Each structure stands twice: as structure tokens, then as C-alpha cells.
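A.B. asks: According to numbering that gives the first Met the number 0, the residues represented by the sequence shown are 0 to 544, in order.
It is possible that some hints are incorrect.
What the hints assert, rightly or not - When the alpha-carbon atoms are kept at most 25 Å apart in a straight line, the in silico DSS-like pairs for lysine-lysine are as follows:
id, residue 1, residue 2
1, 528, 493
2, 141, 60
3, 434, 458
4, 272, 325
5, 438, 483
6, 321, 133
Don't read these hints as lab results, they were simulated from the structure.
These numbers were taken from a predicted model, which means no experiment stands behind them.
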Amino acid sequence: MVERLPFHDVVLDAIWGVSKEKPGVPCFISAENLWDDITYAQLYTASLSFARFFRTSGLQKGEIFTISLLNTWHFFPSYVGSSCVGGVTSGMSPESTAYEMEYQLENSQTKILLTTGENLLRIAEISGKLPFLKIVIYVGSKPSGLPPTHLRIVSFDDIISEEPIFDRTLTNVNISEDLLALPYSSGTTGLPKGVMITHSNFLSQMVLLGQHSAAHITPYRTEEEDSQEVTLQFLPFYHAYGFTTLCGHLLSGTTIVIFRQFKGELFLQTVEKYKIKHINMVPMLFNFFVHSDLVQKYDLSSVVSVASGGAPLSQYMIDEVKKKLKNLKYIIQGYGMTEIVSASHLGVLGGSMPPEAIGQLIRGFSHKIVDPQTGRILEPGEVGELCVRGPTLMKGYWRNPQATREAIDDEGFLHTGDIGSIDENGFLYLKDRIKELIKVKGFQVAPAELENLLLTHPKISDVAVIGIPFEATGEAPRAFVVRKDPGLTAQEVKDFIKERVSSYKELTGGVEFTGHIPRNPTGKILRRKLKADFLDHQSFSNSRL
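With the sequences and hints as input, model every part of the structure.
C.D. replies: Okay, here's the thing in C-alpha cells:
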């Protein structure tokens, strides 16, 4: 499936090749102008400087190095440097709470952490609860007044100023068995779990994505449409989707404009400035294109294709985005999970893909739909739980063999927890998460179905639907709505749904107006948080009766 080389050798060889082919061409550009442009040659030497630092600092094969940064060029050379010594890299949002940071750093048994200078105080305060953590590397300025700590604190700039002298041959990596990465699952259905990804898992994903594109996407675009010297990246690097797309751009020698965080107007300015042709997106950004008045201010005529993952797009949203992006010809959706690195299903061009499908099985994977109660394999078109097997499937959950056994069956299929169906041609249709289906009088209601319908309302800009306890029916759908028109009433929303769906799908749980919908970094709605907040509020209200 892949060359028997570890991740760092594949990436460093590619970066070195680009640096010779395109000397002086930027590899990374900061959208916010937070740092100077970084060339491929600089990225190469910084990676080796980090490898040298990790070796001299005692990071052993299989030990954990965690990166807690918003998107920045500093992420990549430290990741590659860790791989060079056999380290395992984990990612964590720098905006995590102290509790969330403590949980992941302790659970992963992190030995070395890379974060911002602003985060040093928080890390120092919890360091006494983190016996495995020995070294903290910081980007930016070191704050004054740090409390006493056992931690060794090192500047990122000091590390890359060292000579990039490193012998890669001294690290023996079994790419099938040795871990490269330990991303944490989103935690939408429980505490986040470390996902053990081997070198072979990740490199197989890159190979399979390339093969799929060569067979089903590139032949249907013109040479002009398919070429792109500059791209942009705002998807979080600490998430599988973001890091996979980042690596794909680097391996192709593209210049990458990095957004520390997504900012609507800056994003539009960047698309116009660099005449961006292809954009990797999440559904939340489609919502931005449809509802933001900023979109019409900028020339976005260069955009010919977009890719989207994280959640299925409604046909309404696709049609509306095409109205805003006049030259948009291709929308490529995909399905994946952290547990399979990135994607198992992707869209195809050429007219063979049904409009409601999210994608076709990528060659090299297997899939099946099973009855979630009995495990019986279902026929094409029948709705059940999606199960996936392939060379990118995780080795298991970190320090959690029970969760691994519950997730992967005896045939090696990952039970995804997603409900959908597969047609005779292998196209996938998604419905919703098993645990998020709302059970009303024995009927199952998919929140996504109601959300997609509500988003067609001209006075609604964003929405989420959850199930709440309801004595008469067991559960009832409740909508959380972000108004585009402040005059919109709850009754209007209820009536809109009532006129279009079966009675058991009506919003008998009510309508609540809110300023924003909570989402994870890839745009998935955090229904569990909405439900917990609602139940907490109900409990508080009842306690005052």
C-alpha cells in the first residue's frame, strides 16, 4: 500500500525536493502577518533542529509530544521532529479549559508540550498533577511571574537556532506497528479518547486520497482548473481533517496561507488576493457564504471547486452557495472519522454520483450497513449503522482496550455510530448519529433532517435540533435558532416545520432563540452540550419552584 518508509522520511524527502525545485518560494504565509514567510528550505532545517532537540532531550520512541497551538507554521517542524526520534504527536486546542488540558495531558502521559507563552501560566499551575510532563516549549514571549515548577521551559526560537544536524538512520521505525500520532476524538459522545494512528495508517490515507483524486476528480477538471500554486488553510491542524489536508498541500509543493483562526472578511480578502481555486471547507463555512453580506464585496470568481467534510450538506445549501460563487463547478463531499485518519468515502466527478449521496467508498476500504441492535448485515438501500474497514483504521484507543473492543468487531470493521445506507454502486447516504436520533412515540427523528429544512427559512441563519425528555411521547424535538430577522417568532418556526413534516417530527419540544450554535473545530454541532445545558436549566428552574 505504501513505501516502507516512516512519515518523517517521506515528508522530509518531499520538502527537500521542493526546496531545490522552487528555491525561495514560500511554503507558509501568515494570513494575519504574524510572522515572516517560511520557505521549504527553512521548514526542512527547522524540522531537523527539532529532531536534534528531541533526541538530546530524551524523548524516547513511543513517548508523547503534544502540540497545543492555533494554526501556525510552528506546528509542522515540531511534528516532523518528533517523528524523527520515534515520538508520538498529539494535538490539543490551546483554547481548552484547564480541566480539559489536564485531562488530555494526563491521559496521554505527555512528556513534552509545545504551546504559547500565554498558556505557560496555566500549565505551570497544573504541572503538579502531571508527573509525566517534563518539558514545555513556548512560542512567543515568556510571561513574568511564573510559579515554581519542576518543568524545563524552552523557547521555540532557541530550538530552531541550533544546527540542524541529525542522523535519521538511527531511528528504527516499524511503520505498521509504531505510532505516529495520538489525536483525540471530538468527545461528542463522551470523554475524548486517544486514537492510536501508526505511520502506515497515515501514509496509506495520503496514498488512497491521491489515487481517488487521480481516478475520479482530476480527469474531469481542466488543466487550468486543476492547477493551484497558492492555497489557504484554516481547518485546525490539531484535527485529523486539517492536518491531512495540510500534508497533502506540502507534498505537492504548494504555498499555504495559514489562518490562525477563521475570520470571515480576511478569508474573503485572501481568496480574492491569491485567486484561490480550491477550498477545503466545513458546513459552517457554507452557512457563512449563504448568509454573510460580506461575500458580495469581494471578487471570488477564481473559486471553481470546494471540498467539504464534517457533516452532510443539504441540497438547499449547495444551491445557495452556487448562487454566491458564480464560477463554482465542483462540490466534493466526503465522510470520515479520526479513527480512520480522515476519509473512507469521497465524492466523484463525471456525473455518476447521485445528488443526495455524500460520497463513494475509496478503493482499499470495505464497508457494510448493519442493524445496530442485532448486527445483521442489511441490504443496499436499508438504513442502519455504517461500519468501515481499511488500511487506515486505528490501532485502537489509547489505554482503553474495552473501548477498542466495543468499536471494532471480530471482522475488523469499525462501528462508526453513524446511521445511513449504501446503494448498489457503493454510494453512501448519511442520516445522523445513532445517539442523536430523537425517539418520538417509537418513531426515529433525525435532527439533521429538521435542521436542513429550517435552514431553508429566509429568516434563519443557523440552527440545531436536539431531543428533550417529553412525558407524552418519550422525547420531543427542540430547535435552537439563530435569527437572521429579529422579528422571527417561535410560532413561525413551529408552523414552518408543521406544514412540511409528519406530526411526530413537529417541534413539540419548543423553539429557543440563541446567539450562536456550539460546534467542534470541524463544524459538527455539539448537541450533547445543548442538551446538557437545557437539562441543567430545567433542573435549576424546577429547584426554585
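A.B. asks: Does each hint fit the structure? Answer for all of them.
C.D. replies: Hints, verified against the model:
About 23 Å separates the Cα atoms of residue 528 and residue 493, which keeps this hinted pair within 25 Å; it holds. Proximity of residue 141 to residue 60 is assessed by CA-CA distance (about 29 Å); at most 25 Å being required, the pair is judged violated. Of the supplied pair hints, the one linking residue 434 and residue 458 is violated, its CA atoms being roughly 29 Å apart against a limit of 25 Å. This hinted pair checks out: residue 272 and residue 325 have alpha carbons roughly 17 Å apart, not beyond 25 Å.
Proposed proximity of residue 438 and residue 483 is contradicted: the alpha carbons are some 30 Å apart, above 25 Å. Between residue 321 and residue 133 the CA atoms are separated by roughly 51 Å; this puts the pair beyond 25 Å, and the hint is violated.
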